[in-house]
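K.L.:
Sequence:
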Amino acid sequence: MATIVVLDDEASFRTRIHQLIEQEAPRDDARTILEAGSLDELNDILASNTHVDILLADIHMSEGQPSGIDIVQGLFPPASGTQIIYTSGDLWQAPEVYATQHLYFLLKPIDTSKLHEALERAYAALPQTGSDMLRIKCGHKDRLVNIARIRYLESNLHKVSVHCGNTTYTTYARLDDLQGQLPACFCRCHRSYLVNLAYVRSFEQLEMQLHDGTTVPVSRRRSHQVQHDLLAYLASSKG
-9 MATIVVLDDE
1 ASFRTRIHQL
11 IEQEAPRDDA
21 RTILEAGSLD
31 ELNDILASNT
41 HVDILLADIH
51 MSEGQPSGID
61 IVQGLFPPAS
71 GTQIIYTSGD
81 LWQAPEVYAT
91 QHLYFLLKPI
101 DTSKLHEALE
111 RAYAALPQTG
121 SDMLRIKCGH
131 KDRLVNIARI
141 RYLESNLHKV
151 SVHCGNTTYT
161 TYARLDDLQG
171 QLPACFCRCH
181 RSYLVNLAYV
191 RSFEQLEMQL
201 HDGTTVPVSR
211 RRSHQVQHDL
221 LAYLASSKG
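If you count by this note's numbering, then the sequence shown holds residues -9 to 229, one letter each, in order.
These are computed hints drawn from the structure, not numbers from a lab.
Every value quoted in this text rests on a predicted model; they were computed, and no experiment measured them.
Heads up, a few of these hints could be off.
[What the hints assert, rightly or not] DEER-style ranges, computed between Cβ atoms:
1) Leu134 / Asp80: 38 to 44 angstroms
2) Lys127 / Gln9: 38 to 44 angstroms
3) Ala222 / Gln195: 39 to 45 angstroms
4) Leu221 / Glu12: 40 to 46 angstroms
5) Ala225 / Pro99: 36 to 42 angstroms
6) Ser38 / Arg181: 19 to 25 angstroms
7) Pro99 / Asp166: 52 to 58 angstroms
8) Leu134 / Glu53: 36 to 42 angstroms
Beta carbons are placed, not taken as given, at the ideal position from N, Cα and C, and that holds for glycine.
Take these sequences, add in the hints, and give me the full structure.
P.N.:
Okay, structure coming up:
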């Protein structure tokens, strides 16, 4: 089942797009359509451990809100597998979308044929971007965490905190054991930290900054290897 999220600060637009998606999306595909009018509402959706397969993001959000482009940069890097469709009422904003990887730019008012084409492209891309899950134990309960949403893991004594944006899961585990269950894009930058390189915005000798502004320490001993791993990841993601 595909989950589609419409991110726009105008309720009437979200309702209209919701209706159009119901009409235009392939009839033989099960899907869930959710709406978010702000970054907080989008974070609430993500906090429920929902994997967003397709995001229709308005570029120009209301005053005090980050732009749709900034939200995509912070929450949905290419490794997330989320297919991005930007929407905007201003054609001059079209060049800005190239700051992030995306499938389509839709100009408001939305042309239904263009929406259908954008959704067709997004659906076609989904099989290539499956969402793997990490199983951890939180208290007495097992929890599945979408690996693509994990920004970094932090070890403290016998606990590991798994940071997924505004949501953090704590589990009794060894960082070494969790690292063995994660893909190569997770880099051991410090004895107590494991970072998802997909979320790294910049790197200096002793710290990395993530797209959401979080800083993650890099040990002096691991600095050279971290630089090597980051460059290799960037080269592979461009390919």
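K.L.:
The structure should be examined with respect to each hint, and the outcome stated for every one.
P.N.:
Do the hints match the structure? See the list:
1. Leu134 / Asp80: 38 to 44 angstroms: 40 angstroms, holds
2. Lys127 / Gln9: 38 to 44 angstroms: 42 angstroms, holds
3. Ala222 / Gln195: 39 to 45 angstroms: Because 18 angstroms falls outside the window, the suggested range is violated.
4. Leu221 / Glu12: 40 to 46 angstroms: Taking Cβ atoms as reference, leucine 221 and glutamate 12 lie about 44 angstroms apart, which means the hint holds.
5. Ala225 / Pro99: 36 to 42 angstroms: At roughly 41 angstroms between Cβ atoms, proline 99 and alanine 225 fall inside 36 to 42 angstroms, so the hint holds.
6. Ser38 / Arg181: 19 to 25 angstroms: For serine 38 and arginine 181 the Cβ distance comes to about 32 angstroms; the hint is violated.
7. Pro99 / Asp166: 52 to 58 angstroms: Taking Cβ atoms as reference, proline 99 and aspartate 166 lie about 54 angstroms apart, which means the hint holds.
8. Leu134 / Glu53: 36 to 42 angstroms: 37 angstroms, holds
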